[in-house]
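Asker: Sequence:
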Amino acid sequence: MKLTTFEADGLTRIGAVLGDAVVPLQPALDAACAAAGEPAQSLPTDMRGLLEAGEAALVAAARAIAFAARPESAALRQPLASVRLLAPLQPGKILGVGRNYADHAKEVGGPKLVAPRIFLKPTSSVCGPGTVVPIPAAVTKPDWEVELAVVIGRTAWQVSEGTALDHVAGYTVLNDISAREFQFDQPLAMTSFAKGLDGFCPIGPYLVTADEVGEPWQLGLRCWLNDELVQEGNTRDLIFSVAALIAWLSRYMALQPGDIIATGTPAGSGHFRSPPRYLRPGDRMRLEVERVGLLQHDIGGKA
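As numbered in our numbering, residues 4 to 306 make up the sequence shown, in order.
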């Protein structure tokens, strides 16, 4: 399933994408129940609530989507171009992973990592596809990072690497925008602050369920800045795999439905180029993860 949060006719709804159409889940489920002569079922009204409601809610969502996909159910579908896509969910917490691709770790430098390097991004940094991200006037070194984002679907507490993927609801694309001066120009690195400014976490366009993506071992990642390919990598080059990250994090904290793990970025960010290159007002960004989607957003003027 390609799950989405969207706005249409002044209402925010959760839905699913079917080709060039979007299906609001609740009306589709209502129609499916009515056609079967069954009592109505209610779904949560937001994506995190849907994940928190567990397997039964996702099964009901899949039923709604299947019913809406029927030729005779065209009235349940509306053109994707007629709605505004929002961030697919508002996460409970966002855990980032630094230096997690071999080529990026090499360009950054530093000792070999023996455990994941974790930072937090506040949920206030989240924005959706099509957003114009404003860069604060005081920020001098704004940078980009294409990442595969893992969305937790079941509580994970002290889980093994072998069972870790059972706790994944799905995946989305994330741009880990970073104010590099706070990471590298300060006596003490302020990584969470550098990566946590308003709008510095565009995600989307969809939450693609784990069954549709398959194993996350060999997913290609690409990032374009103004139509120039600036990053290209593959999750096979992760130092700590998706499963390893979930297992390690769950040793110390419970991962809850709707939490996001940003798994790291490959080489090619602007700060590590020669000469360095930073985001500017008017820049257009496209970030792609294979089988997950293409996230597009712009960079706005200084705020």
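It cannot be assumed that every hint is accurate.
In silico EDC-like cross-links for lysine to aspartate or glutamate, where the CA-CA straight-line distance does not exceed 16 Å [said to hold, decoys possible]:
{"id": "1", "residue 1": "K305", "residue 2": "D286"}
{"id": "2", "residue 1": "K96", "residue 2": "D214"}
{"id": "3", "residue 1": "K5", "residue 2": "D240"}
{"id": "4", "residue 1": "K144", "residue 2": "D169"}
{"id": "5", "residue 1": "K144", "residue 2": "E55"}
{"id": "6", "residue 1": "K109", "residue 2": "D286"}
{"id": "7", "residue 1": "K5", "residue 2": "E293"}
{"id": "8", "residue 1": "K305", "residue 2": "D201"}
{"id": "9", "residue 1": "K5", "residue 2": "D188"}
{"id": "10", "residue 1": "K144", "residue 2": "D188"}
{"id": "11", "residue 1": "K96", "residue 2": "E58"}
{"id": "12", "residue 1": "K5", "residue 2": "E75"}
FRET-style restraints, in silico, Cβ to Cβ [to be verified]:
{"id": "13", "residue 1": "A69", "residue 2": "T48", "range": "17 to 27 Å"}
{"id": "14", "residue 1": "S127", "residue 2": "T48", "range": "18 to 28 Å"}
{"id": "15", "residue 1": "E218", "residue 2": "R280", "range": "27 to 37 Å"}
These aren't lab readings, by the way, just hints derived from the structure by calculation. Given the structure is predicted, the values throughout are model-derived calculations rather than measurements. Glycine residues also receive a C-beta, built at the ideal position from the N, C-alpha and C atoms.
Asker: None of the hints should be skipped; say for each whether it holds.
Answerer: Do the hints match the structure? See the list:
no. : hint                      : verdict
1   : K305 <-> D286             : 12 Å, holds
2   : K96 <-> D214              : 23 Å, violated
3   : K5 <-> D240               : 26 Å, violated
4   : K144 <-> D169             : 39 Å, violated
5   : K144 <-> E55              : 38 Å, violated
6   : K109 <-> D286             : 27 Å, violated
7   : K5 <-> E293               : 14 Å, holds
8   : K305 <-> D201             : 13 Å, holds
9   : K5 <-> D188               : 40 Å, violated
10  : K144 <-> D188             : 10 Å, holds
11  : K96 <-> E58               : 21 Å, violated
12  : K5 <-> E75                : 21 Å, violated
13  : A69 <-> T48: 17 to 27 Å   : 21 Å, holds
14  : S127 <-> T48: 18 to 28 Å  : 21 Å, holds
15  : E218 <-> R280: 27 to 37 Å : 34 Å, holds
Violation of the numbered hints given earlier is confined to hints 2, 3, 4, 5, 6, 9, 11 and 12; the remaining hints are satisfied by the structure.
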